[in-house]
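Participant: In my numbering, the protein residues as written are 1 to 63.
The hints are simulated quantities; they were obtained by calculation from the structure and are not laboratory data. Note that CB positions come from ideal geometry on N, CA and C, so glycine has one too. Hints may be right or wrong, so weigh each one.
Derived BS3-like pairs: lysine-lysine, alpha-carbon spacing no greater than 25 Å straight-line [claimed, not checked]:
hint, residue 1, residue 2
1, K63, K52
2, K49, K63
3, K28, K63
4, K51, K28
5, K28, K52
6, K63, K51
7, K28, K49
8, K63, K5
Pair ranges (Cβ atoms, derived) [claimed, not checked]:
hint, residue 1, residue 2, range
9, S56, C11, 36 to 46 Å
10, V24, D54, 17 to 27 Å
11, A62, C39, 21 to 31 Å
12, D55, R10, 46 to 56 Å
13, V58, I13, 15 to 25 Å
14, V47, P9, 19 to 29 Å
15, D55, Y14, 41 to 51 Å
16, V50, D16, 34 to 44 Å
17, C11, V50, 32 to 42 Å
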Amino acid sequence: MRMNKVTCPRCGIYMDLLAESESVSGEKVIRYFYRCPACGYRLSASVIKVKKEDDSVVLSIAK
Numbered sequence: 001m002r003m004n005k006v007t008c009p010r011c012g013i014y015m016d017l018l019a020e021s022e023s024v025s026g027e028k029v030i031r032y033f034y035r036c037p038a039c040g041y042r043l044s045a046s047v048i049k050v051k052k053e054d055d056s057v058v059l060s061i062a063k
């Protein structure tokens with residue numbers, strides 16, 4: 001993922017790109033988002049879901 005300089009719509013300062021992950025019913029969900037270090041405003045960048053099916057791995061990427 002290429003990091004772009006994104007400014008906060010509330011403050012106008014550069015936002016940080018962060019990621020968080022969780023496991024939900026056999027599926028791994030990774031969320032990338034921008035967060036303003038000043039006011040905490042969040043802006044979703046993308047969501048990646050990883051799921052194991054039989055002998056394969058299925059990736060689902062949503063923007």
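Participant: The structure should be examined with respect to each hint, and the outcome stated for every one.
Facilitator: Status of the hints after comparison with the structure:
no., hint, in the structure
1, K63 / K52, "holds (21 Å)"
2, K49 / K63, "holds (12 Å)"
3, K28 / K63, "holds (16 Å)"
4, K51 / K28, "holds (6 Å)"
5, K28 / K52, "holds (9 Å)"
6, K63 / K51, "holds (18 Å)"
7, K28 / K49, "holds (6 Å)"
8, K63 / K5, "holds (17 Å)"
9, S56 / C11: 36 to 46 Å, "holds (44 Å)"
10, V24 / D54: 17 to 27 Å, "holds (19 Å)"
11, A62 / C39: 21 to 31 Å, "holds (26 Å)"
12, D55 / R10: 46 to 56 Å, "holds (47 Å)"
13, V58 / I13: 15 to 25 Å, "violated (38 Å)"
14, V47 / P9: 19 to 29 Å, "holds (20 Å)"
15, D55 / Y14: 41 to 51 Å, "holds (44 Å)"
16, V50 / D16: 34 to 44 Å, "violated (24 Å)"
17, C11 / V50: 32 to 42 Å, "holds (34 Å)"
In the structure shown, a violation is registered for the earlier hints numbered 13, 16, in ascending order.
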